[in-house]
Each structure stands twice: as structure tokens, then as C-alpha cells.
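Undergrad: These are the residues of each chain, in order.
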Amino acid sequence: MNSLQTVVVVGAGVAGVRAIQSMRSSGFNGHLTLVGGEAGLPYDRPPLSKDFLLDESVAADITLLSSEDLDTLGVEYLSGVRVERLDPAERVLHADGGLRLPFDGAVLCPGASPRRLSCPGTELAGVRYLRTLDDAVAIRSLLSAGRRMIVVGGGFIGVEAAVLAAGLGLDVTVVDIQEMPFQVLLGRQAADLLLRHLRKAGVKFVGGRVVASFEGLDKLTTVTLNDGSRIDADLALVGIGAAPDVAWLAGTAVLSSDGIEADEFCRTAIDGVYAAGDACRWLNLAYGSPMRVEHWTNAIDQATAAAANLTCELAGEAHSRTPYRAVPYFWSSQGAMLVQFVGVRPAGCEGEMERSLQDENRWAITYRDQRGSLVGALAVNWPARAVRARKDIRSRVLTAD
Amino acid sequence: MIRIVVDRTRCFGYGNCVAALSEVFDLNDEDGVVLVDEEAAQTVAERQLDAAVRSCPTNALRINRT
Ligand SMILES: Cc1cc2nc3c(=O)[nH]c(=O)nc-3n(C[C@H](O)[C@H](O)[C@H](O)COP(=O)(O)OP(=O)(O)OC[C@H]3O[C@@H](n4cnc5c(N)ncnc54)[C@H](O)[C@@H]3O)c2cc1C
Ligand code: SF4
Chain F
1 MNSLQTVVVV
11 GAGVAGVRAI
21 QSMRSSGFNG
31 HLTLVGGEAG
41 LPYDRPPLSK
51 DFLLDESVAA
61 DITLLSSEDL
71 DTLGVEYLSG
81 VRVERLDPAE
91 RVLHADGGLR
101 LPFDGAVLCP
111 GASPRRLSCP
121 GTELAGVRYL
131 RTLDDAVAIR
141 SLLSAGRRMI
151 VVGGGFIGVE
161 AAVLAAGLGL
171 DVTVVDIQEM
181 PFQVLLGRQA
191 ADLLLRHLRK
201 AGVKFVGGRV
211 VASFEGLDKL
221 TTVTLNDGSR
231 IDADLALVGI
241 GAAPDVAWLA
251 GTAVLSSDGI
261 EADEFCRTAI
271 DGVYAAGDAC
281 RWLNLAYGSP
291 MRVEHWTNAI
301 DQATAAAANL
311 TCELAGEAHS
321 RTPYRAVPYF
331 WSSQGAMLVQ
341 FVGVRPAGCE
351 GEMERSLQDE
361 NRWAITYRDQ
371 RGSLVGALAV
381 NWPARAVRAR
391 KDIRSRVLTA
401 D
Chain H
1 MIRIVVDRTR
11 CFGYGNCVAA
21 LSEVFDLNDE
31 DGVVLVDEEA
41 AQTVAERQLD
51 AAVRSCPTNA
61 LRINRT
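Which chain is which? The protein sequence lines are F and H, in order. Using this note's numbering, the letters of the first sequence map in sequence onto residues 1 to 401. Using this note's numbering, the letters of the second sequence map in sequence onto residues 1 to 66.
Bound-form chain F, shown alone (with noise of 0.2 Å):
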């Protein structure tokens, strides 16, 4: 290895975070810089849409790296730097401010950025998204009891949000284009003890229905669903999905229709350049597909593997570089519920329902193929449950063929 080369990694969440971590266990010892475009140290976003709504004595808990921690590893960090194109050929990376960063080697992790709703109203005061420490500082001070919320969107960030502000004594409704919300991810049982849930923990649902307008002022005050309805809030919080954040990398060969393309072993369709987390959408060799998956486990296990197989082609050993096989997994707290699904639903599956004879507030829903193999699994508040179903799913599909 030559410890004057250079590799650059874009994206400061947590995919940037564990690829400068893997670098440097792998080996490699030349110049490291991360390009952060957020300001700050770089932090962790699941607590955003949980505990640190409540307490902000979590934010310095969220922190990934501390600046010791960043001189330990021998990495410049560049917070609050902005990439804005990659040159390929010159292999060059340019940074708002005029800054030119080459590299011998980059991994990009730019992460995902909140879906926008295109109806009328989104620029009053109290519309707003979920994703960065900026957002959750300026939700939290909105969270007073007696304020009128309407969560835009049951996706898992809206929908621990709406528990929490219920809890705090907010009137919170969510509403979502699917009848039940999580439906189309999890199918309709599974759907439906979510909503039980969701309504005993305090919150209305409305589904089926999509926002028209939000109105008010300068400030939100009525939200108009599409079928005429009317709903008094005072807050929306909208959560909506997310797309890419690759606007910087448009012409570049390492797009695709949806993110960055990358092949099985995280590298993009330029030598050297490499991809992971939520804006990566690489051949899963575990299903033979490619896959673009927005969870944290994916984003640090693919960043990890990425930077692993990155130092293989700067040592010229590319040919010993391991594909990145990975069967998708996240959780979600709601409230004092925890949710873990692992896997994947077979299109039109209902799963099996399995129930805990210790505790009825634990459950599971399996999901299988036409040959009856485990493929997913839904498990609440049964860690134990989940993590047997994900042993026994990776131990099939992770399995080098």
C-alpha cells in the first residue's frame, strides 16, 4: 500500500462515519479526509424521531465520533463542506468554496434527503420534515402539550413521532394514502395490529386520504385533506420517504434511475469510487437483485464492506475484494414498543402470526416462500424472536452460492 494516497469520503452521517472507521482497519494508511455537509460533528439520526424529542440531554449521546476520536484515526474532517461535482476523469472531487479535492479513492455516502410535498401551504411556519439534528431541534420546541400535530405520512419516523408527541399531550393525527398504515411493507395483518397499537398509544389515523392544502396566515392553522376534510393543527410534521441526495452527481456515470449504482462489491462504474448507505443501490448477490435499503444497519454493515474492498483495489489486490451480501433489517421504537422486521415480504404474503405465551404484548408475524423457507419476520417487543429469524434467514441467503 502506498501511504501517499488519497481517498476522500463524502457524507458525514453514519455510512461516511464507518467507512473512514473501516478504512483505516483494513489498513490503510495514506490520507483520509470526510467531507461532511452538515456543520458540526458528525451524529446519528434514529434517536432524532425518538428519545431526543423528549430530552435534550440525548444530543450529546447522538455523536458518532469526537474530535479525538477524528485524530486518533489520522482523518480530516471538513464539516459543513459541501461536494458539488465529481470530475472522473481528472479524479477530483470539487467542494463549495473553490476547494479541489483529488483522490486515488473515494466512497460517497450522501445519504437521503426528505421527500417534499408539491401541495399548496408548505412554506408556512410549522410545516416541516424530519432528518437532520436542525429539524428534530426545531420539532421539539413545537412539541407543547395541547398543540394540535398532524403527522403527514405513517412511515416509521411519522408514526414514532405521533407516539411521543401523544404521549407529551399533544393532539396528534396521522395521515396516510394507505388504508393502514405500514400496509403495502407489511400486509394487511400485520397492518392492523400496528394501527391497534398506534390508536391505544392515543393517535387518530386517518387513511386513505392525502393532504390538498395546508392553510394559515404565516402560520399553519388548518390542514385540507383531499377529500374536503378539514383538520385544525397547529404543527405538521411531514414524513413523506426519502430520495438520494445525487443532485451534485448528475452526468456522472455513477447514477442510476434511483441513487448510485454500484455492483456487488460497492463500487460504482468508476474504478476506485465506491458507495454505501441509503443513496447506494448495489447487486445484492443475497438476492440476486439490485437493492436500495435506508436502514442504519445496512448503511454501517455496506460502508464497512465498501472501504474493506476499496483498500483491496488501492493495494492492487482488487481481486481479493468480498462482495457485500446483506439481508435488510431495522427496528423502530414506538413509544415503549419495539418493532424489529428483518428479511423480506413476498409480494401478496400475509405471514403467520405467532404469539408469546409469556406476554401478550409480544408477537411476530413470519413470512414464508412457495417452498415454505423463512424469507422475513415482523417481531414486537420480542428481540429474542428476531434475532432467531434473522440467524436462520442469513444462514440461508448469505451463504456464498
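It is worth saying that the hints were derived from the structure and are not from the lab. Where hints are given, some of them may not hold.
In silico DMTMM-like links for lysine to aspartate or glutamate, alpha-carbon gap of 25 Å or less [stated by the list, open to error]:
1. F:K391 / H:D50
2. F:K50 / H:D7
3. F:K219 / F:D134
4. F:K200 / H:D31
5. F:K391 / H:E30
6. F:K200 / F:E350
Owing to the predicted nature of the structure, the values given are computational and were not obtained by experimental measurement.
Following the hints, position chain H with the ligands against chain F.
TA: Here is chain H with the ligands on its own, set in the frame of chain F:
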């Protein structure tokens, strides 16, 4: 000697450590909190152990090398 220190109040049974290194980590059936096989921890590669510890979403795990 390698010791794995678990902060039980921070472990929520996410199971990432188990997925990363099932030789060393498992979950307790009852409360879903992590179990560590200290003996196995001595024999696995340092890099694997580091990666498993870093896979914990809540930093519930720490390695003490003495
Ligand atoms: C509120 C919230 C709660 C979540 N909860 C869970 C959960 O419970 N469980 C779970 O599994 N997952 C959860 N997730 C998802 C998880 O956080 C993501 O999968 C993970 O953050 C992805 O990491 P990443 O590094 O790929 O992207 P990101 O975390 O989005 O980080 C990318 C970073 O790159 C920066 N960047 C982008 N473009 C550039 C550029 N051109 N130049 C410089 N910097 C750039 C961005 O500003 C950003 O800081 C949650 C996400 C959110 C937002
Ligand atoms: S990864 Fe962390 S939270 Fe999950 S089981 Fe292991 S120690 Fe517990």
C-alpha cells in the same frame, strides 16, 4: 485478556452484535438483552470483535483489553 463490557441499560435487543458475531454474542430469551461468551471473545479476530461492537446502534458494548 479481552473483556466485553455491556451497559445493560442501553441494550434494547437490536441484535446487530449477534448478526455480526454470533460466536460471541447472543440474546437472552427472556428479556432480550445481550449475552456475551467471554471465552469465545478471546479467540476471534480483533477486527471482527471491533466491527461487532461498532454495529451496536446504542453503544451498549465496550471492549476492555488488559
Ligand atoms: C429521524 C430518523 C429516524 C431513523 N430511525 C431509524 C431506525 O429506528 N432504524 C433504522 O434502521 N434506521 C433509521 N433511520 C434511517 C437511518 O438513520 C439511515 O439509514 C442512515 O442515517 C443512513 O446513513 P447515511 O450515512 O447513508 O446517510 P445520512 O445519514 O443521510 O448522511 C449523509 C450525510 O451526507 C451529507 N451529504 C450529502 N450530500 C453531500 C455532499 N454533496 N457533500 C457533503 N456532504 C453531503 C448529508 O448532509 C448528511 O449529513 C432513521 C432516519 C431518520 C432521519
Ligand atoms: S447490538 Fe447493542 S442493543 Fe443490540 S443486542 Fe447487541 S448490545 Fe444490545
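Undergrad: So, for every hint listed, does it hold in this structure?
TA: Hints and how they fare:
1. Only pairs whose Cα atoms come within 25 Å are accepted, and F:K391 paired with H:D50 is accepted, the gap being roughly 20 Å.
2. For a cut-off of 25 Å, the pair hint linking F:K50 to H:D7 stands: about 20 Å separates their Cα positions.
3. Straight-line distance between C-alpha atoms of F:K219 and F:D134 comes to about 19 Å, which keeps the hinted pair within the 25 Å bound.
4. Of the pairs offered as hints, the one joining F:K200 and H:D31 holds, with about 23 Å between alpha carbons and a cut-off of 25 Å not exceeded.
5. Proximity of F:K391 to H:E30 is assessed by CA-CA distance (about 18 Å); at most 25 Å being required, the pair is judged to hold.
6. With a CA separation close to 23 Å, the supplied pair F:K200 and F:E350 stays within the 25 Å bound.
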